[in-house]
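Chemist: Each chain, letter by letter, is given below.
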Amino acid sequence: MKFYDKLIFIDEITSELEESEDREELITIIRETFHHHVLDIILTHLPRSHTVAPLSPGYPHPMPSSPYTT
Amino acid sequence: MNTDLLRAKLKLKSFQAKNQLLSHHPHVAKLLAAGATAGSLLLSPAQPVLHAALPSASENLSITPFDLQQNIRDRLKEILPGEVGPLTDGQESQISGLLHDTFGIHALAELEGNRLNHQFGLIGAEQHLMRYPGDVVENMAPGRGAWGYFAYSKSLLTPDLIAKEKYYVAVQTLYLPDWNTRLPYLRDWYKFRKVIVLNPVNGRADVAVIADSGPAAWTGKHFGGSPEVMADLQLNIGKQKGPVIMFFVDDPENKVPLGPLEYNLERPSLLTGV
Numbered sequence: 001m002k003f004y005d006k007l008i009f010i011d012e013i014t015s016e017l018e019e020s021e022d023r024e025e026l027i028t029i030i031r032e033t034f035h036h037h038v039l040d041i042i043l044t045h046l047p048r049s050h051t052v053a054p055l056s057p058g059y060p061h062p063m064p065s066s067p068y069t070t
Numbered sequence: 001m002n003t004d005l006l007r008a009k010l011k012l013k014s015f016q017a018k019n020q021l022l023s024h025h026p027h028v029a030k031l032l033a034a035g036a037t038a039g040s041l042l043l044s045p046a047q048p049v050l051h052a053a054l055p056s057a058s059e060n061l062s063i064t065p066f067d068l069q070q071n072i073r074d075r076l077k078e079i080l081p082g083e084v085g086p087l088t089d090g091q092e093s094q095i096s097g098l099l100h101d102t103f104g105i106h107a108l109a110e111l112e113g114n115r116l117n118h119q120f121g122l123i124g125a126e127q128h129l130m131r132y133p134g135d136v137v138e139n140m141a142p143g144r145g146a147w148g149y150f151a152y153s154k155s156l157l158t159p160d161l162i163a164k165e166k167y168y169v170a171v172q173t174l175y176l177p178d179w180n181t182r183l184p185y186l187r188d189w190y191k192f193r194k195v196i197v198l199n200p201v202n203g204r205a206d207v208a209v210i211a212d213s214g215p216a217a218w219t220g221k222h223f224g225g226s227p228e229v230m231a232d233l234q235l236n237i238g239k240q241k242g243p244v245i246m247f248f249v250d251d252p253e254n255k256v257p258l259g260p261l262e263y264n265l266e267r268p269s270l271l272t273g274v
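Chains as they are written, first to last, in this note's numbering: chain R, 1 to 70; chain X, 1 to 274.
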């Protein structure tokens, strides 16, 4: 259960997968991909002071070139 | 769509997403590697952090995993002897080159002065290993693996350790000539040592870690594979035994992901047609 499950409906994508013995594995890969995209977007937009500090002494500010900042 | 092709595409997308996240926010790597819980940054990754080089686009796969498997299978036929047994230095070198050309990994029969008694041998099916005290899963061995529990409790079980148990192999460390005389060093060196295990019959390959010792010599087998490894190699049917190549993976930066190898990690353009 992810915190964004009520905002992003991954089931709309995974429901397109046909029944097969590999279906669960494919769903896991899809969920991981979404998870990393979501985290990237959130961390890019979230002010540094709002992230779970101290994450790292060298925590950089969001990159201006990020495709998610425009 | 072909399932293998779809899986390969999804994996590339997944790696791209992970790499993008880590390139924008490198501090997250520590949390992912440590298997941070949802309470810290709301993370619950299912796999360890890996940094396979990837292209910016991966829409058009021109070489499928099946193509790679067929290619390496055919080329191995020209290198390997007719039955499992010792390899010559020349054969080992050729196989290392082939593995690098095909998968973009550095795999060697001998690494840092260490080598297994067999590089081309028979693998048999193993059960799941107990990951922590009280762990219960289907098809699990009654005792712990040769290196003990993966974690001291369920709460300490990280995604990285879960993957290690999922993709593990057993090798016959007990029969190494210097095992007893160099036990402290070798025990640590072999623990979770990354290997590539490849089925030369179909070209399917997994990257796994050494997490158990065995099988006994009287079985006639030289290696053991976890249920997932055996399934990936398509050796989980019938006698659940077959010939494999087992080479160490030289991966000091932990860039090579565990699990099925279905693309070239150094030259993904081979897959994308870029």
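FYI, nobody ran anything at the bench for these hints, they're computed from the structure. Since this is a predicted model, take the numbers as computed values, not measurements. Note that the Cβ used here is the ideal one computed from N, Cα and C, for glycine as well. Among the hints, erroneous ones may be present.
Said to hold, decoys possible - Chain R stretches covered by chain X per the calculated footprint, using a threshold of three residues with CB under 8 Å from any CB of chain X:
| no. | segment |
| --- | --- |
| 1 | 6-13 |
| 2 | 36-44 |
Unchecked claim - Cross-link-like lysine to any residue pairs, in silico, SDA-like; alpha carbons within 20 Å at most:
| no. | chain 1 | residue 1 | chain 2 | residue 2 |
| --- | --- | --- | --- | --- |
| 3 | X | 9 | R | 10 |
| 4 | X | 13 | R | 41 |
| 5 | X | 9 | R | 27 |
| 6 | X | 166 | X | 185 |
| 7 | X | 13 | R | 13 |
| 8 | X | 166 | R | 24 |
| 9 | R | 2 | X | 218 |
| 10 | X | 9 | R | 45 |
| 11 | X | 13 | R | 6 |
| 12 | X | 13 | R | 46 |
| 13 | X | 9 | R | 24 |
| 14 | X | 13 | R | 34 |
| 15 | X | 13 | X | 266 |
| 16 | X | 9 | R | 18 |
| 17 | X | 191 | X | 159 |
| 18 | X | 166 | R | 38 |
| 19 | X | 166 | R | 25 |
| 20 | X | 9 | R | 2 |
| 21 | X | 9 | R | 34 |
| 22 | X | 13 | R | 24 |
| 23 | X | 191 | X | 218 |
| 24 | X | 191 | X | 239 |
| 25 | X | 13 | R | 17 |
| 26 | X | 9 | R | 15 |
| 27 | X | 166 | R | 28 |
| 28 | X | 239 | X | 254 |
| 29 | X | 13 | R | 38 |
| 30 | X | 166 | R | 42 |
| 31 | X | 13 | R | 16 |
| 32 | X | 9 | R | 42 |
What the hints assert, rightly or not - One side of the interface only, derived from the structure: several residues of chain X facing chain R at Cβ under 8 Å:
| no. | residue |
| --- | --- |
| 33 | 2 |
| 34 | 5 |
| 35 | 11 |
| 36 | 18 |
| 37 | 236 |
| 38 | 240 |
| 39 | 241 |
Chemist: Each hint should be assessed against the structure and marked as holding or not.
Modeler: Against the structure, the hints:
1. 6-13: violated (count 0)
2. 36-44: Result for this restraint: holds, n = 6.
3. X/9 - R/10: holds (17 Å)
4. X/13 - R/41: Satisfied, since the Cα-Cα distance of roughly 16 Å is no more than 20 Å.
5. X/9 - R/27: Between residue 9 of chain X and residue 27 of chain R the Cα gap is close to 13 Å, so the pair holds against 20 Å.
6. X/166 - X/185: violated (25 Å)
7. X/13 - R/13: The given pair, whose Cα atoms are some 14 Å apart, holds under the 20 Å limit.
8. X/166 - R/24: holds (15 Å)
9. R/2 - X/218: violated (49 Å)
10. X/9 - R/45: This hinted pair is violated, its Cα atoms lying about 28 Å apart.
11. X/13 - R/6: violated (23 Å)
12. X/13 - R/46: Distance of about 24 Å is beyond 20 Å: violated.
13. X/9 - R/24: holds (16 Å)
14. X/13 - R/34: holds (10 Å)
15. X/13 - X/266: holds (16 Å)
16. X/9 - R/18: Within the cut-off at roughly 16 Å; holds.
17. X/191 - X/159: Holds, at about 17 Å.
18. X/166 - R/38: Violated. Residue 166 of chain X to residue 38 of chain R sits at ~27 Å, over the 20 Å cutoff.
19. X/166 - R/25: holds (13 Å)
20. X/9 - R/2: Violated, at roughly 24 Å.
21. X/9 - R/34: Given pair residue 9 of chain X, residue 34 of chain R holds - Cα atoms ~14 Å apart, limit 20 Å.
22. X/13 - R/24: Within the cut-off at roughly 17 Å; holds.
23. X/191 - X/218: violated (24 Å)
24. X/191 - X/239: violated (28 Å)
25. X/13 - R/17: holds (16 Å)
26. X/9 - R/15: holds (17 Å)
27. X/166 - R/28: Answer holds: residue 166 of chain X to residue 28 of chain R is near 15 Å, not above 20 Å.
28. X/239 - X/254: Given pair residue 239 of chain X, residue 254 of chain X is violated - Cα atoms ~34 Å apart, limit 20 Å.
29. X/13 - R/38: holds (14 Å)
30. X/166 - R/42: violated (31 Å)
31. X/13 - R/16: Holds, at roughly 17 Å.
32. X/9 - R/42: The given pair, whose Cα atoms are some 25 Å apart, is violated under the 20 Å limit.
33. 2: The hint is violated - residue 2 of chain X has no Cβ within 8 Å of chain R, the shortest such distance being about 11 Å.
34. 5: violated (11 Å)
35. 11: Status holds, d = 6 Å.
36. 18: holds (5 Å)
37. 236: violated (12 Å)
38. 240: violated (17 Å)
39. 241: Hint on residue 241 of chain X: violated, closest Cβ of chain R at ~22 Å, above 8 Å.
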